[in-house]
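S.K.: Sequence:
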Amino acid sequence: MRVFAIGLLVAGSTLSGAAQEFGPGENLAPYIPTPQAVVEKMLEAGHIKPADVLYDLGAGDGRIIITAAREYGVKAVGIEIQPDLVEKVRERIKDLALGDKVTIVHDSFLHADLSPATVVTMYLLTSSNDRLRPILEKVLKPGTRVVSNQFPVKGWRPIAVSHLKPGTMEYTIYVYEIGKTR
Numbered sequence: 019m020r021v022f023a024i025g026l027l028v029a030g031s032t033l034s035g036a037a038q039e040f041g042p043g044e045n046l047a048p049y050i051p052t053p054q055a056v057v058e059k060m061l062e063a064g065h066i067k068p069a070d071v072l073y074d075l076g077a078g079d080g081r082i083i084i085t086a087a088r089e090y091g092v093k094a095v096g097i098e099i100q101p102d103l104v105e106k107v108r109e110r111i112k113d114l115a116l117g118d119k120v121t122i123v124h125d126s127f128l129h130a131d132l133s134p135a136t137v138v139t140m141y142l143l144t145s146s147n148d149r150l151r152p153i154l155e156k157v158l159k160p161g162t163r164v165v166s167n168q169f170p171v172k173g174w175r176p177i178a179v180s181h182l183k184p185g186t187m188e189y190t191i192y193v194y195e196i197g198k199t200r
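Counting from 1, position 4 in the sequence shown corresponds to residue 22 in our numbering; the numbering is continuous, with no gaps.
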């Protein structure tokens, strides 16, 4: 838990400016990179298939969308509020020649069109998941998988829960399926 608190302190100074661009309180999670082993477990747990369209909410440095495109061949879209991270991800997408598979959008995921998603990944806070839940219930089609790292979606029943410990911190991955969340 100490690492998380430090991440909040460090990220807090960079997040405030980005949040103001979209309105007060819209930056719903600090930027804390997901370890690659957790990224791979999230994608595996979400049963990603080449025909899927994956949306990563709070895409950060793009590691989930890039891994999903490279390892699973899916179309992947990241939604990120911090403009500096968006630019870095765009450069990485270009360097890896993944422009036909990967897109990063500078927006708040509370306002982005998530309806094309067949898989949604996220590493947000429980309070953020609470705000996002009615949006996901409204716009996602039945059968869409939602994979949440660390924080459950209150009121939803997961179809699978995985635990892993890549290093010193333990992670819990929750998988939900729209239409089977209750």
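Treat the hints as calculated values from the structure; they're not laboratory data.
Every residue gets a Cβ at the ideal spot worked out from N, C-alpha and C, and that includes glycine.
Fair warning: there could be bad hints in the mix.
Ranges between beta-carbon positions, derived for each pair [said to hold, decoys possible]:
(1) R88 / R149: 29 to 37 Å
(2) T190 / V157: 22 to 30 Å
(3) P51 / D131: 35 to 43 Å
(4) I153 / V179: 39 to 47 Å
(5) S180 / R88: 28 to 36 Å
(6) P184 / H65: 17 to 25 Å
For lysine to aspartate or glutamate, the following EDC-like pairs were computed, each having C-alpha atoms within a straight-line distance of at most 20 Å [what the hints assert, rightly or not]:
(7) K93 / D148
(8) K59 / E188
(9) K183 / E105
(10) K183 / E155
(11) K156 / E195
(12) K67 / D102
(13) K183 / E62
(14) K119 / D79
(15) K112 / D131
(16) K183 / D131
(17) K119 / E109
(18) K119 / E58
(19) K67 / E188
(20) K159 / D148
(21) K119 / E105
(22) K106 / D118
(23) K59 / E195
(24) K156 / D118
(25) K159 / E188
(26) K67 / D125
(27) K198 / E188
(28) K198 / D148
(29) K106 / D125
(30) K172 / E109
(31) K112 / E62
(32) K183 / E195
(33) K119 / E62
(34) K106 / E62
(35) K159 / E195
(36) K183 / D148
(37) K172 / E195
(38) K119 / E155
(39) K59 / D102
S.K.: Please name the hints from earlier in the document that this structure breaks, with their numbers sorted from lowest to highest.
M.R.: Numbers 3, 4, 5, 7, 9, 10, 12, 15, 16, 19, 24, 25, 26, 27, 30, 31, 32, 34, 36, 38, 39, in rising order.
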